[in-house]
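Chains as they are written, first to last, in the working numbering: chain P, 1 to 787; chain X, 788 to 1022.
Just so you know, the hints here were simulated from the structure itself, not pulled from any lab data. Be aware that one or more of the hints could be misleading.
[To be verified] Counterexamples of contact, computed for chain X against chain P with all Cβ distances above 12 angstroms:
1. Pro-820
2. Ser-836
3. Ser-849
4. Arg-858
5. Asp-865
6. His-875
7. Ser-888
8. Ala-902
9. Lys-944
10. His-986
11. Arg-1006
[Claimed, not checked] Just the calculated beta-carbon pair ranges, DEER-fashion:
12. X:Trp-1022 / P:Arg-10: 55 to 61 angstroms
13. X:Gly-930 / P:Gly-17: 32 to 38 angstroms
14. P:Leu-299 / X:Ser-831: 16 to 22 angstroms
15. P:Arg-776 / X:Ser-831: 37 to 43 angstroms
[Stated by the list, open to error] Chain X side only, calculated, beta carbon under 7 angstroms to chain P, not exhaustive:
16. Met-886
17. Gln-927
18. Asp-972
Note that the Cβ used here is the ideal one computed from N, Cα and C, for glycine as well.
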Amino acid sequence: MSPLTHKLLRDLWRMKGQAIAIGLVIAMGVMLQVMMSGLVTTLESTRDAYYDRYRLTDVFAPVARAPSHMMPPLSEINGVARVQSRVVGAALVDIPDRAAPVQARAVSLPENGTAALNATFLSAGRMPDPARPDEILLVEGFAKAHGLAPGDTLLATLNGTRRALQVVGLAQSPEFLYIAAPGEMVPDDSRFGVIWMGRDAMAALFDMGGAFNEALFALTRAADKQVVLAEIDRILDPWGGRGAYGIEDQYSNQFVTEEINGLRSTANTVPPLFLAVAAFLLYIVIGRMVQSEREEIGLLKAFGYSNAEVGAHYLKLVLVIAAGGAILGCLLGIAGGRAMVQLYLQYFKFPFLLFRLDPASFAIGVTASILAASGGGLLVLRRVFALTPADAMHPPAPADYSRSGRIGQSIARLLDQPSRMVLRRITRQPLRMGGAMIGIACGMALSGSMLSTFIAFEDTLDTTFTVVDRSDLTISFAGPIERGALHEIATRDGVWQAEPVRFVPAILRNGRHTHRGSIQGQPTDARLSRAIDSDKQAIPMREDGLILSTTLAAKLDIRAGDRITVEVRDGRRPTLELPVAAIADSFFGTPAFIELDALNRALKEPGRVTGAYLRIDPGKRDEITEWLKGLPMVAGVTIKAEAESAFRKVMNEGAGSSRYVMGVLAFVITYGIVYNAARIAHAERARDLASLRVLGFSKGETAFVLLGELAVITLVALPIGTLLGHGLSQLIMAAYSTDIYTITLGFEPSAYGNAALVVLSAALISGLLVKRDLDRADLISALKTRE
Amino acid sequence: MTDAAFSTSGLTKTYGTGDAAVHALRGVDLEIPESEVVVLLGPSGSGKSTLLNILGGLDRASTGQAHYKGREITAMTDRQLTRYRRAHVGFVFQFYNLMPSLTARENVELVTEIATDPMAAEEALHLVGLTERIDHFPAQLSGGEQQRVAIARAVAKQPQVLFCDEPTGALDSATGRAVLKVLTDVNAKLGTTVLIVTHAAATADLAHRVLHFADGRIRDTITNTTRKSAAEIHW
């Protein structure tokens, strides 16, 4: 082993504390980069493979009831490669231990057994026998949630007919990658199921003999989707076509895509920020580390080592630390990614999901660390190389304070000498001190913005479930019913309040912007489900226009006062031109509100409702849901408490959970930055501090000179960190928000208060560690070594 | 005993243990009267700096005792040593050890602020002939000037003892003579006991007393009957 290699190893050992701190900061930055972009790659590639292998359809065309002889004209549309019809319908499943009926979707299997489109993945049991109408496949997540397995019997009501169904197999499908009950945003395996059964059985139950109510299309590569959709609509219109839509508007795919997009924008925003902070720190630390080796560099050169050899030696030192940190970060990133993938599997029903490393993220993380580290080292090396070996070995002349030292002379008068030393050191090296300060401010910003994020998530949930939705139960009816029928429910014992609502499927258009969703009609003074403004005050429903949620308004690029086209896809399917009356804050989905009677007038269906919000006596909840289950008109009942807990689960265990990882990383980085700042300041001043001790200054007085500097820098960093953090948190929130949920964020003083505590505690601990070394310092050797 | 500034008996200092042990002092017995200029001579590793550091309260002896005016330095706690350095002792080092962020005046004030009966910083700097450069920072001063600031800083608190470890080691001979003159002047004017550790044998000529060190022991002690002035010394 060459002497330089020995030196390298010994140097690393000597500075192990600092090297570990630097390596960890790098590791945290790289870990986040690798984990987040790996997750995006994994989810995307798995989704694509799954869609491809199980032939997810390109276009869905729901229709009221179309005769089978309409299939040939559909297959002849230019651009259609393949078409398949099926029968779908709603079902209510009776789960013995649950008061509320569980909603499910029933889907027909093709008669010949293999689906040309939307194939099912059989995970247990076998396919149903077409000859036995009661045999079904059950979606795996639902079966597991209720402990059902092939061989079990399931009681279900389909189109008013109660049937005992035999579960013969468990299945998954790319069409139901993300399964949530209608009207709910987040999946809950236990509360919504999918049933697949034979085509004939389905046709019999839903009165679809010789007919279908949904057509699936695969398009050719060259197809113009908009033209195909228009053509399908034209053909199916006489049969009650509900509007064909592409896979991009399909419920499950939309959620998955939104989730991946949200994740990608988070992965593109947050990890680079972490990495940038880590790289900046590395640059500063390495520069100062090499600076302190000045005399050794002079010595090596005096022995005849070339600049290149000496440069390579120090570069190796830097690279060992940077690459060590980057590799550790990569390993942690893979481990973190694997753990996160498991969380995603809970609500994305992939039959397989393996964490895949995104090689680019690893390369970016490693390159950024190494560049920053080498940059910091090389800059200083170049300065040292400019000196002759003799100059480099000579103790450097005392740092010149003559210019900056005059600054604030009047202030200096008020201070004692140790305080002047603190002040002058800061004013003499504004760049270096600024660097250390920005470093600490960045740490504070990361911690503060992550803490803000936690508060914002909590706030959003709180607003959604206590201010916007104040109901206890939501009922949906099988179709539009007379509002009078609600009377029976409203007057039932234990029901305190019942508020009607009508959901109408609709396509909203503003120029080339389109949104496929629904509009909801509510009474003017709706109290249980409300549109609210940014001050969380209710916005009354309007007869003369729509109230759009902020997310929807942004998607359609529309403002209050503009006009919007609403193509209603129900009833006599009118196309309405309405003004946008107001924009409502919304955190959840993309609602569009209108006054209920105005909606019914426009549809020429007065007094119709499709559901109701109820406020009930909590003690009678089970009794009421049990009763509702027996009402023929009720298609589904959602208990808000369950919806809320499902939502919280997703926020805390699913997509939202990465914020906790980031929070931990932010703390580690903050500690790393502050500790390094203290360590470096100590290294640079060891001799001055020893001199002070010799002059008769006590340990405490000496520590003041060192830690006073750290204290000033830290205190100045706090307000700057707060400002940076607030900006950063807005970016993070925007990244976390999707079409499905919007996280909004105001300025959260408590988050920054706590972040300040994190920084101060980091400063305190670092200060104590450094002071311990200071107290133990060997006075004599510190005095003998020159600078 | 009362007129001795320092006395030691059986003082040893060992660094390390076992085979790696280095015996810096192997039993030193001495007495240094007050108000003398004492020069400690000897080759590197002979123990002279170690003795200076122990007497100055910077290092601890392994065995034996050292007294300053009847008080046992070797028995002092860390806190007592700090107080001892603060109240009684001034130090001058080969590399000056000035605070680069403070001017000459402020470097002196650094000490006078914590001393009980200091002289004015201006007076101390006048004593070393630096009145003109009082508001300069160390970076603006030559090596000799920096060392004179260090001496001014050491004497400003009017210490009873001044410890100087190779005070001229980093200086050319003319500047070195100027620095030595300041040290002897301080001794003459203020009655300060001055201990100088040096390699430069010629320095011995200006001392009252010369201690020759070899292998951790005092080989011999010479008392000069006639002393030379700093100006007469050459090396």
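Hints and how they fare:
With a least beta-carbon separation of about 24 angstroms from chain P, X:Pro-820 lies farther than 12 angstroms from that chain, consistent with its non-interface assignment. At roughly 8 angstroms, the least C-beta separation between X:Ser-836 and chain P is not larger than 12 angstroms, which violates its mark as non-interface. Listed as a non-interface residue, X:Ser-849 keeps its Cβ farther than 12 angstroms from every Cβ of chain P; the least gap is roughly 15 angstroms. At the 12 angstroms boundary, the C-beta of X:Arg-858 stays outside the reach of chain P, the nearest C-beta of that chain being 16 angstroms off.
Distance to chain P contradicts X:Asp-865 as a non-interface residue, since its nearest Cβ pair spans about 8 angstroms, not more than 12 angstroms. The claim that X:His-875 lies off the interface is violated: its Cβ sits roughly 9 angstroms from the closest Cβ of chain P, which falls inside the 12 angstroms cut-off. For X:Ser-888, the condition that its CB be more than 12 angstroms from all CB atoms of chain P is violated, with the nearest at approximately 4 angstroms. Under the 12 angstroms C-beta cut-off, the non-interface status given to X:Ala-902 relative to chain P is violated; the minimum distance is some 8 angstroms.
Taking the minimum C-beta to C-beta distance to chain P, about 8 angstroms, the non-interface status of X:Lys-944 is violated against the 12 angstroms cut. Consistency note on X:His-986: stated as away from chain P, and its beta-carbon is indeed over 12 angstroms from all of that chain's, at 15 angstroms minimum. Even its closest Cβ contact with chain P, about 23 angstroms, leaves X:Arg-1006 beyond 12 angstroms, as expected for a residue assigned away from the interface. A hinted range of 55 to 61 angstroms is violated for the C-beta pair X:Trp-1022 and P:Arg-10, which are about 38 angstroms apart.
Restraint check, X:Gly-930 to P:Gly-17: a C-beta distance of roughly 36 angstroms satisfies the suggested window 32 to 38 angstroms. The hint said 16 to 22 angstroms for the Cβ distance between P:Leu-299 and X:Ser-831, and at roughly 19 angstroms that hint holds. Hint check: P:Arg-776 to X:Ser-831, Cβ distance near 26 angstroms, so the stated range 37 to 43 angstroms is violated. For X:Met-886, the interface hint holds, the least distance from its beta-carbon to any beta-carbon of chain P being 6 angstroms, beneath 7 angstroms.
At about 5 angstroms, the closest approach between the beta carbon of X:Gln-927 and any beta carbon in chain P falls short of 7 angstroms, and the interface hint on this residue holds. The closest approach between the C-beta of X:Asp-972 and any C-beta of chain P is roughly 21 angstroms, which is over the 7 angstroms cut-off, so the hint fails.
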